[in-house]
Amino acid sequence: MAEIRYLAPRSLDEAIGAFAAAGSAARILAGGTDLLVQMRSGMVAPGVIVDIKKIPEMTTIEETSDGGFRIGAAVSGAVLAEHARFGKVWPGVLEAVNLIGSKQVQGRASAGGNLCNGSPAGDSVPAMIAAGAVVTVQGPNGRREMKVEEVPAGPGRTNLKPGEILVSFKLPPRPPGSGDAYLRMIPRTEMDIAVVGIGVSLTIKDGVCTAARVGLGAVAPTALLVEPAAKALIGTKLDAAALEKAAEACRAACRPIDDKRGTVAYRIKTAGVLLKRTVAIAAKRATEK
Amino acid sequence: MNVVTNNKWIGQRTIRPDGMDKVTGRAQFAADFNMPGQIWGKILRSPHPHARIRGINTSKAEKLPGVKAVVTAKDIVDFPIEKGAVPLGIQDMRWMCRNVMAREKALFPGHPVAAVAATTEEIAAEACKLIEVDYEVLPWTIEIEDAIKPDAPVLHEWNKWEGKPSNIVGRLEHKKGDIAEGFKQADVVIERTFTTRPVHQGYIEPHACTISVAGDGKTTIWSSSQGQFMVRAMTSLLTGIPQSDIRAIPAEIGGGFGGKTIIYLEPIATMLAKKSGRPVKMVMTRDEVMRATGPTSASRSTVKIGATKDGRIVAARGTFYLQAGALPGSPIRGAAGCSFTPYDIPNLLSEGYDVCSNRSKVAAYRAPGAPIGAYAVECVMDEVAEALKIDPLDFRKINGAKEGTKASHGPVLPRIGYIETVEAAKASPHYNAPLGDGHGKPRGRGVASGFWFNAGGESSAQVNITEDGNVVVTTGHPDIGGSRAAIANICAELLGIDYSRVSVIIGDTQTVGFSNLTGGSRVLFASAMVVTQSTEKIIQTLRERAAKIWNIDPEAVKWENGAAHPSSPNAGQFEPLTLAELADKAPAMGGPIGAGVQLNTQGADGGYGTHVCDVEIDTDLGIARVIRYTAVQDVGRAIHPGYVEGQLQGGVVQGIGWALNEEYIYNKDGKVDNAGFLDYRMPVCSDMPMIDCIMVEIPNPKHPQGVKGVGEVPVVPVMAAVANAIYNALGIRFYSLPMSPPKISAALDANVKQAAE
Numbered sequence: 001m002a003e004i005r006y007l008a009p010r011s012l013d014e015a016i017g018a019f020a021a022a023g024s025a026a027r028i029l030a031g032g033t034d035l036l037v038q039m040r041s042g043m044v045a046p047g048v049i050v051d052i053k054k055i056p057e058m059t060t061i062e063e064t065s066d067g068g069f070r071i072g073a074a075v076s077g078a079v080l081a082e083h084a085r086f087g088k089v090w091p092g093v094l095e096a097v098n099l100i101g102s103k104q105v106q107g108r109a110s111a112g113g114n115l116c117n118g119s120p121a122g123d124s125v126p127a128m129i130a131a132g133a134v135v136t137v138q139g140p141n142g143r144r145e146m147k148v149e150e151v152p153a154g155p156g157r158t159n160l161k162p163g164e165i166l167v168s169f170k171l172p173p174r175p176p177g178s179g180d181a182y183l184r185m186i187p188r189t190e191m192d193i194a195v196v197g198i199g200v201s202l203t204i205k206d207g208v209c210t211a212a213r214v215g216l217g218a219v220a221p222t223a224l225l226v227e228p229a230a231k232a233l234i235g236t237k238l239d240a241a242a243l244e245k246a247a248e249a250c251r252a253a254c255r256p257i258d259d260k261r262g263t264v265a266y267r268i269k270t271a272g273v274l275l276k277r278t279v280a281i282a283a284k285r286a287t288e289k
Numbered sequence: 001m002n003v004v005t006n007n008k009w010i011g012q013r014t015i016r017p018d019g020m021d022k023v024t025g026r027a028q029f030a031a032d033f034n035m036p037g038q039i040w041g042k043i044l045r046s047p048h049p050h051a052r053i054r055g056i057n058t059s060k061a062e063k064l065p066g067v068k069a070v071v072t073a074k075d076i077v078d079f080p081i082e083k084g085a086v087p088l089g090i091q092d093m094r095w096m097c098r099n100v101m102a103r104e105k106a107l108f109p110g111h112p113v114a115a116v117a118a119t120t121e122e123i124a125a126e127a128c129k130l131i132e133v134d135y136e137v138l139p140w141t142i143e144i145e146d147a148i149k150p151d152a153p154v155l156h157e158w159n160k161w162e163g164k165p166s167n168i169v170g171r172l173e174h175k176k177g178d179i180a181e182g183f184k185q186a187d188v189v190i191e192r193t194f195t196t197r198p199v200h201q202g203y204i205e206p207h208a209c210t211i212s213v214a215g216d217g218k219t220t221i222w223s224s225s226q227g228q229f230m231v232r233a234m235t236s237l238l239t240g241i242p243q244s245d246i247r248a249i250p251a252e253i254g255g256g257f258g259g260k261t262i263i264y265l266e267p268i269a270t271m272l273a274k275k276s277g278r279p280v281k282m283v284m285t286r287d288e289v290m291r292a293t294g295p296t297s298a299s300r301s302t303v304k305i306g307a308t309k310d311g312r313i314v315a316a317r318g319t320f321y322l323q324a325g326a327l328p329g330s331p332i333r334g335a336a337g338c339s340f341t342p343y344d345i346p347n348l349l350s351e352g353y354d355v356c357s358n359r360s361k362v363a364a365y366r367a368p369g370a371p372i373g374a375y376a377v378e379c380v381m382d383e384v385a386e387a388l389k390i391d392p393l394d395f396r397k398i399n400g401a402k403e404g405t406k407a408s409h410g411p412v413l414p415r416i417g418y419i420e421t422v423e424a425a426k427a428s429p430h431y432n433a434p435l436g437d438g439h440g441k442p443r444g445r446g447v448a449s450g451f452w453f454n455a456g457g458e459s460s461a462q463v464n465i466t467e468d469g470n471v472v473v474t475t476g477h478p479d480i481g482g483s484r485a486a487i488a489n490i491c492a493e494l495l496g497i498d499y500s501r502v503s504v505i506i507g508d509t510q511t512v513g514f515s516n517l518t519g520g521s522r523v524l525f526a527s528a529m530v531v532t533q534s535t536e537k538i539i540q541t542l543r544e545r546a547a548k549i550w551n552i553d554p555e556a557v558k559w560e561n562g563a564a565h566p567s568s569p570n571a572g573q574f575e576p577l578t579l580a581e582l583a584d585k586a587p588a589m590g591g592p593i594g595a596g597v598q599l600n601t602q603g604a605d606g607g608y609g610t611h612v613c614d615v616e617i618d619t620d621l622g623i624a625r626v627i628r629y630t631a632v633q634d635v636g637r638a639i640h641p642g643y644v645e646g647q648l649q650g651g652v653v654q655g656i657g658w659a660l661n662e663e664y665i666y667n668k669d670g671k672v673d674n675a676g677f678l679d680y681r682m683p684v685c686s687d688m689p690m691i692d693c694i695m696v697e698i699p700n701p702k703h704p705q706g707v708k709g710v711g712e713v714p715v716v717p718v719m720a721a722v723a724n725a726i727y728n729a730l731g732i733r734f735y736s737l738p739m740s741p742p743k744i745s746a747a748l749d750a751n752v753k754q755a756a757e
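Chains as they are written, first to last, in our numbering: chain B, 1 to 289; chain U, 1 to 757.
So that you can see chain B by itself, here it is in the shape it has in the complex (with noise of 0.2 Å):
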């Protein structure tokens, strides 16, 4: 029978030469909250593991010298839950890392694994796209960066190139009067996948929006960025016209499909709600501070 061989290399240059060697029959494994369901399922069967999770940059949160904050790609939502700071800067983005799965995956399961995964449904991608977060990956050929939105390729694909790894998230330093927040429509109340998923950035001053980005997910064949509706939002005080205005490009963004989870129609309808639900929780937070 086939056999597995796993490694957990100490350092990011050992990881790479490894992954990159083992080409396409290698996995990397975070939390493992993804990839040991589908092997067991028998979707996929890697020859080889990379176990990532000794590598210390990619299992450390840092505050930056600019006031940002740098997040190993296999931080589990746990950790990232229990840092001093960053659920206060990063409200948003900080609840739906912590939407993946039950209590006990959020021991294990990481925001890099959840969008490595591929899945137009994954809960943090909207809210990290809307944070604005950038990933640095690392391949055989060096460094590079590249924006959230940039990474899934569609279901189950991403646009890092063969043999490069997601290290870490990096997440721009918050001006006064920032706000963010994640909505998820699922039909029950936790334990579910996302029919529907909207991540709001914003930043408000003196009554006027100023800066805002949405991020969709789960209506699409990737998570989106839907520039339209930010752009509806700033400059605006939020009124209702410009809401339906938001929630109208986010309906116009969607191009969801009819399956199991939800319907064609459903979604485009509930992009709409949920914008306008995100967007009043995000600003109260922006103007609360």
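Heads up, some of the hints might be wrong.
Calculated cross-link-like contacts (lysine-lysine; reagent style DSS-like; alpha-carbon spacing at most 27 Å) [as the list claims (entries may be wrong)]:
1) 22/U / 103/B
2) 548/U / 585/U
3) 309/U / 426/U
4) 260/B / 671/U
5) 284/B / 585/U
6) 743/U / 245/B
Simulated from the structure, these hints should not be mistaken for lab results. Just so you know, these numbers come straight off a predicted model, no measurement behind them.
Got chain B sorted already, so can you dock chain U onto it with the hints?
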């Protein structure tokens, strides 16, 4: 029989005997058992919904290193269709043999076609891929409305309906009075058609077994089921091994809900073990459980109820089509027989139709068929009450069945507690509380009632006094709802000793007498009877021993507080002899003390419940949440109130799942598209409010402790209660389940559109 009064243990919330093992992970479930030299069995399953099997070539699989045995339908005893029914309980072995292994045809995706045992699970799976099956792929049909069309692909060509090959494989009718005359008297007549989707029992523990067949044919089965004797009987029939050679040992069971009243793996694993000479272990994956076991039926029901202005129902008609799946046997009896039983209706016609289609064979699910029928009937009841401007509980009370009512399914009802459940619901804090402010989310309240037959049947028990004066009770029913704790309560009560001195265990097929399935809400009803009679025999023995020691008449000895006492001062002055003292003296006084009783128990009265449900709707997203729920039920006598409430709450939760989100979704290839707990959306804890329980206790006069079955009734009213509450909140009636967010949302949008036009 005397109803015990002034109880010390009956009615107490004692700690369950199996609790410590379960919460510490020591309990042995089916997959926890292993044997030296054990190998693994895997099943090759049909990828097609419907295909004739022209041939199976297993030679490549047999040659794969590590493969020890291969089994096909040839290795399973055939029960030819033309030879007529071979019943075992409610099952027919003609269908069971074809369900565990496809014979002439594969009838659903996931239908077993062959099985392999190999040294590892991986090799067994690999070998399955090497088996060549020559299929003639046939057109297929899954949904009832498709399967009953005249030109539908027919699963069983031998079955004729109105002279033609058909998927309608059975019909049941209950009739009373003249409905045509009855409807003529009605001032209000409402007729509606309802559909429900297949829902799975959703037990957490997948089917699993480990089986050893020794060289002399002696077979040992470790598996989890709702009846070790059912496992033994079915395995015996399907393998040809006599029952005396099969020891079926029940593991702890991680949920059954009816779905484990039949077997899937045991005959296959037995034949693999027999052929290989090695113990064989098989464990289903969740995917296999979802595709190839259970679920219950989808349904299509039409219900018509007519009533006069003063609120009297004068006629009712119900037509219930239930999906049987691959082989006959949907629970039409539960749908057609239970749905109208709470009411005294002079003119009634209730029909059930059993419809085969290319999905897995239906398995029992908690009050099989009854929730499907009650959903339709109780929603129409709500509409009729509304049309008559009568409170829905008052409407039920006006028409409530009581002692002497002739039920549609035949019997004249004994003293029942239905009306008491309606009265208790009406008087409940819940029904009298305002709905409260949903802060923009509409709220609504609905009610519904339900009935389930409840069963008696065969039970055996052995009660033994240990040498140190404690008690071991052995019964033959797997404990799926707290029955061990309740039995210990009863035994401790009768003997007048501390609960902790009674151990209750579940015996295997060769160590305790025949006991029928754990099903039909029968276990405590039946086992309490045999345990009571066994214990009474022991008490008689203890009195005789004391009498002998005191040299007085046994009639002059009474048993009280765990000891023999002279029954009155006239009988003499003696120090009491305790159970421990009498046990100590047993060798000299006639030998070991114990008694066993075996009965085919009779007198199980049906159960009735009435539920009140509040919902709150997020109208923008179409999400209905149950925010308050009260289940009222006539429980006879709550021997262990904690586990009675547990049954009520569990049934309600399953019904809420059925009402709101659970459904089998089939893709265009006829395969289940949501064969896992992620996309088959059972409720999670946070979806549920605390389910309040009101236990109405009207003791069953035919039972020593007054017990009535309680486990199944609580799922019966739920879908209707939720649907009626959603109507109350939104003014929209839903005639199909589940009432999932896309469906509620679409209905709200259609309403807005209609209003605009």
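Structure versus earlier hints - violations, ascending order: 5
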